[in-house]
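Here is how the chains run, residue by residue.
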Amino acid sequence: MAYSEKVIDHYSNPRNVGSFAKGTPGVGTGLVGAPECGDVMKLQIKVNLDTGMIEDARFKTFGCGSAIASSSLATEWLKGKSVDDASKIKNTDIVNELKLPPVKIHCSVLAEDAIKAAIKDFQEKWVEKQAAAAQTT
Amino acid sequence: MAVKLPIFMDSHSTTPMDPRALEAMLPFFIEKFGHPGSRNHPFGWEAEAAMERGREQLARLIGARDPKEIVFTSGGTESDNLALKGIAEMYREKGDHIVTTVIEHRAILDPCRRLEKQGLKVTYVPVGSDGIVDVGEIRKALTDKTILISVMFANNEIGTIQPIAEIGKLAKEKGIVFHTDATQAVGKIAVDVERMGIDLLTCSAHKIYGPKGIGALYVRRRAPRVRIAPMIDGGGHERGTRSGTVPVPLAVGFGQAAEICGQVMAEESARLAQLRDKLQDRILSSVDETYLNGHPEKRLPHNLNISFAYVEGESVLMGLNKEVALSSGSACTSATLEPSYVIAALGVGAELAHSSIRYGLHRFTTEEEVDYVADRTIEVVKRLREMSPLYELAKEGVDLKSIQWKAE
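Chains as they are written, first to last, in this note's numbering: chain A, 4 to 140; chain B, 5 to 412.
Don't read these hints as lab results, they were simulated from the structure. The model shown is predicted, which means the values in this text are computed figures rather than measured ones. Don't take every hint at face value.
According to the in silico footprint, chain B covers these stretches of chain A (three or more CB under 8 Å from chain B) [as the list claims (entries may be wrong)]:
| # | region |
| --- | --- |
| 1 | 13-24 |
| 2 | 32-39 |
| 3 | 98-104 |
Think about it this way: if two alpha-carbon atoms lie no more than 30 Å apart in a straight line, the pair counts; the simulated DSSO-like pairs of lysine-lysine are [to be verified]:
| # | chain 1 | residue 1 | chain 2 | residue 2 |
| --- | --- | --- | --- | --- |
| 4 | A | K9 | B | K72 |
| 5 | A | K132 | A | K25 |
| 6 | B | K178 | B | K121 |
| 7 | B | K405 | A | K128 |
| 8 | B | K72 | B | K98 |
| 9 | B | K405 | A | K49 |
Note that the Cβ used here is the ideal one computed from N, Cα and C, for glycine as well.
Please construct the entire structure, taking both the sequences and the accompanying hints into account.
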């Protein structure tokens with residue numbers, strides 16, 4: 004199977020691989036996929052709690068080259084976006100950018116799921132917590 | 005000596021041709037181009053003589069008593085189809101049941117599915133965690149309607165060698181025809197249709213350093229005489245079993261390749277087993293949580309199949325494929341998105357089936373190549389482990405089975 008140049012680039016030089024230290028303020032984590040399906044993505048966003056902007060992102064992926072590239076690209080796109088804008092990233096954007104063939108579309112779907120899961124986790128951990136804290140004071 | 009890249013280590017898919025086999029073929033394209041069926045002129049005679057010589061060379065390699073027992077086909081897939089469908093049709097009066105295993109090549113499984121659609125019954129016997137089929141399980145699967153047992157000689161992914169002689173004995177005892185797909189075994193390890201009680205045997209030229217485009221089906225003619233219905237009708241070639249002009253240059257190359265295999269097999273298999281063991285030892289001792297798939301001893305000397313926990317097979321291949329040609333049992337390497345059914349049949353769990361890599365050494369593999377492949381494999385797996393969320397979780401002591409995975 005021939006890979007697009009962009010997939011090869013992200014696979015060979017993945018952006019933002021890693022994990023944030025546990026308990027880092029403003030971090031939301033999404034863990035999607037399943038080992039028995041052959042792909043699992045962990046995607047993290049670090050949001051500036053004052054501005055609501057995503058300052059940094061990290062990923063780790065178990066999966067094929069296209070899955071690695073999809074999540075690497077996602078972290079690149081997330082940085083500098085507001086949480087709202089981040090939630091608008093669609094899997095089709097990833098498909099187009101990486102020129103994924105039909106059999107690899109599930110990789111992009113998984114990346115979109117990972118973004119959504121990370122945002123949801125961020126909101127549960129930090130936004131709702133802040134709101135609760137604001138109410139009690 | 006510097007290693008020449010890319011390195012081919014995918015010899016279960018195909019083998020490079022032995023130059024001696026090619027050399028034997030060359031005169032039969034332009035100079036000696038006759039049709040082996042032309043009975044009335046020297047062009048035909050010399051073509052027929054060359055074809056028959058190829059048949060004899062192959063017969064000798066597999067221990068066939070009579071070269072007439074060799075039917076040339078287009079390859080292993082056709083031979084498997086001919087064996088299954090040919091027996092199903094010829095023995096329809098006698099019964100309608102076939103016994104095979106879950107780890108057969110698709111060239112067996114797919115014809116079985118078609119025969120099932122046509123009303124035949126097929127029992128797929130499981131294998132143990134080492135990939136070996138239990139002969140007792142085959143015995144239990146037999147009924148008075150069983151007309152064929154088909155069990156592969158050696159597996160194309162894990163190289164596991166089945167107890168063929170025992171199955172042959174069982175088949176004889178029950179009076180059932182026994183077919184073996186020996187595509188991966190012939191030319192690599194000792195195969196003897198007489199000693200092993202094989203009635204039908206599939207093999208292919210391009211797996212034994214011969215040309216692509218020709219294979220053979222051995223069909224026993226004596227004790228017992230096995231008869232199969234042809235799948236291709238036409239001029240009645242190959243004694244009516246397989247019509248169509250035999251490609252003489254390919255038959256010559258096949259025969260020459262077979263003869264060479266017979267001559268070098270003992271030495272070659274010992275050399276490859278030693279190199280394979282080195283590759284295996286280096287990888288298993290350098291990377292934690294790597295698992296050998298298949299039986300550690302009862303396997304082809306040139307085969308190595310390893311699962312690397314926490315990394316996906318295709319991503320490993322992608323890291324190597326500019327330099328090393330390998331194969332993976334993982335989902336994404338093929339048109340289907342299923343992981344290897346062979347590795348899955350060992351009961352190792354789907355995640356390890358997604359992580360399997362197959363190495364296939366061959367006649368021209370060097371020790372330098374083995375060292376290079378070991379080094380690069382270790383590097384790539386370590387890099388991917390650093391990227392793997394599963395490896396991270398496992399290192400933190402999290403039991404991956406305790407996580408509620410959200411599949412797509």
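Comparing the hints with the structure gives:
1. Against chain B, the region 13-24 of chain A contributes 4 residues with a C-beta closer than 8 Å to a partner C-beta. That satisfies the three-residue criterion, and the hint holds.
2. Counting residues of the region 32-39 of chain A whose CB lies closer than 8 Å to any CB of chain B gives 6, so the stated coverage by that chain holds, three being the minimum.
3. Under the rule that three or more residues need a Cβ within less than 8 Å of chain B, the assignment of the region 98-104 of chain A is violated, with 0 such residues.
4. For the hint linking K9/A to K72/B, the alpha-carbon distance of about 56 Å lies beyond 30 Å, and the restraint is violated.
5. Of the pairs offered as hints, the one joining K132/A and K25/A holds, with about 17 Å between alpha carbons and a cut-off of 30 Å not exceeded.
6. Taken as a hint, the K178/B and K121/B pair is honoured in the structure, with Cα atoms around 26 Å apart against an allowance of 30 Å.
7. For a cut-off of 30 Å, the pair hint linking K405/B to K128/A stands: about 25 Å separates their Cα positions.
8. Taking the CA atoms of K72/B and K98/B, the gap is about 26 Å. The hint holds against a cut of 30 Å.
9. Taking the CA atoms of K405/B and K49/A, the gap is near 28 Å; set against the 30 Å cutoff, the hint holds.
Checked against the numbered hints given earlier, this structure breaks hints 3, 4; the rest are met.
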